[in-house]
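Chemist: For reference, the chains in residue letters:
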Amino acid sequence: MSDQMLAETVEIKGFGEDSLEAYFARPTGQGPYGSVVVIHHMPGYDEATKEITRKFAFHGYQAICPNLYSREAPGAAPDDAAATVRALGGVPDERLVGDVKGAADYLRSQPASNSKVGVIGYCSGGRQTFLSACSLDDLDAAVVCYGAFIVSDAPPEMPMALKSLLHLTPNASCPILGLFGAEDKFPSPDQVARLDSELEKYSKEHEFHTYEGAGHAFFAVDRPSYRPEAANDGWKQIWTFFGRLLSS
Amino acid sequence: MCTYSTEHLMIKGSGKGPNGWFGVKEATVYFDHPVHLGVEHSLNIDFLEPELGPSARVAVELEAGSARRLAEAIIRALDQMPELTGELVRADR
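Heads up: the protein sequence lines correspond to chains E and Y, in order.
Under the numbering used here, the residue at position 128 of the first sequence is numbered 968, and the numbers go up by one with no gaps.
Under the numbering used here, the residue at position 79 of the second sequence is numbered 169, and the numbers go up by one with no gaps.
Pulled out of the complex, with its shape left as it was, chain Y reads as follows (with noise of 0.2 Å):
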């Protein structure tokens, strides 16, 4: 099924697409069909500068299970540095 879910969020960042780094403002996480990936459905996330265009797009597509690590890792990262990610992520919101 398309699963028409979608998860959208303002973020601060950056990311590398074929032409070199750029400013990302916005995310979507959402699970449904890959357009590359093997699978039927894929926990894909998009980061979007739509000021640029449709193509200043970072996307991935992962296994569901990979997605859940992936997921738990971010976590933990972060956890490791709290005083560092307490301040980041104060700044950031």
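Isolated chain E, as found in the complex (with noise of 0.2 Å):
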């Protein structure tokens, strides 16, 4: 396996065929290879996220991060724009559903492509990620890292109109890898058991992993929450789940 890979920034067509920035990382051969939509956290479209996607690349898959918020902040600094986004609401469950789906026929549409596209979120990503999966009936996989109000509508002072997911469960359309800390509040350990007994109930394939002594946002390595040795087992978890269902 090669390690080269290409990655740059480049333009893709959203929900309402509206313009946005994605940052794409493929390896440099002729493939074919499987593909990832890296949905980005609510902190933004930043240098981890990247970083996230390069390492889809680095393991033999096309990967692409669309940023979610190049409406209202294009070209701003990621930290400009999330505070920018925070300040009008957030972003819509509905765009964001064909933002992903802009980003996953983007991938499609690579000649290295085997067709295959995966989707990864981690926190409002990881929401998203579960949203998208129910929303889109062509995705192969879905990785949710740490998603909160999946089960539950978020509380009512809060400005963003986050609705509970957990109706949409039988339309899941892939199978569905979920990674978790057991000293995470949102989603709590009896959150997670809900929605994986939820997936159960419509025998929606899925596998969940929570981690002891974890809390939220583990794998991200440039905050206090990084959690070594539990990201490290997830990342195996995403390898052995992507490898089985997104190979040519």
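No wet-lab data here; the hints were simulated from the structure.
Restraint-style ranges between C-beta atoms, simulated for each label pair: (1) E:1080 x Y:154: 34 to 44 Å; (2) E:1022 x Y:129: 16 to 26 Å; (3) E:1064 x Y:167: 26 to 36 Å; (4) E:1029 x Y:98: 24 to 34 Å.
These figures come from a predicted structure and were not determined experimentally.
Beta carbons are placed, not taken as given, at the ideal position from N, Cα and C, and that holds for glycine.
Assemble the dimeric complex from its two separately framed chains, guided by the hints.
Modeler: Here it is in structure tokens:
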């Protein structure tokens, strides 16, 4: 396996045919390669998320991270963009689904694509990953990393209108890998168990791992929440899961 | 967790950024992940002027105890000049 890759900013079409900035990293070989849409966390289209995107390319996947804040803050620093979108109330669910679809279509259109596309998201992106898996019918795999407000609405004092996605469970169109921290409060272990049983109820293929000694954002290497033991095992699960479902 | 929690208010003030002073018209206050401070969660305040774009922002990230002390200090400072602040607060509204 070669570790050569190309990583660059590209323009893709998202919800409503809007042009979006996206970070695209892929191996330089001829493929065919499986592909991954990386949904960035609430702090935005930042250096850490681009590093994750390159990690997928290093492991032999075409990976793209759309800048979900492209519309409100084109060209802005990631933290400024995140602050702007936060003040405006966040990313609407319908728009998110359209943006992920656009990113997935872009990946499938690449000459080296094997047509299989998975999606992964962290934090708010974890919730959005579940939303995508239940809203798009052509994804092959989804990895939910500690997504909150999937099984319950966000509290009313939060201005962002985050509604539970649990009712969408019957629509889940691909296998789901869930990675959670036992010390997380959003989602709490009880909420994770509720999602687990709901997926079970509808016979949806899924696999959940909850790590002791880890809370929210245990994958985030640039934050105090980083837990290398949980993150390393989490990555191992991701490579096995995507290796099985996205390979040629 | 990403708390999503956000207090959003319209304000009248000025802030100083890398390119000098500008008027700020909005503020958001939230307890969530910081970008820079080395803690899992912090009290974050953004002073914004949307008409000048996303970079027209003055941001601070405070450890929770620091934020409480700051909030109390702001109230104490305002209360020390009731006649003056009373006028200003009324004018601001």
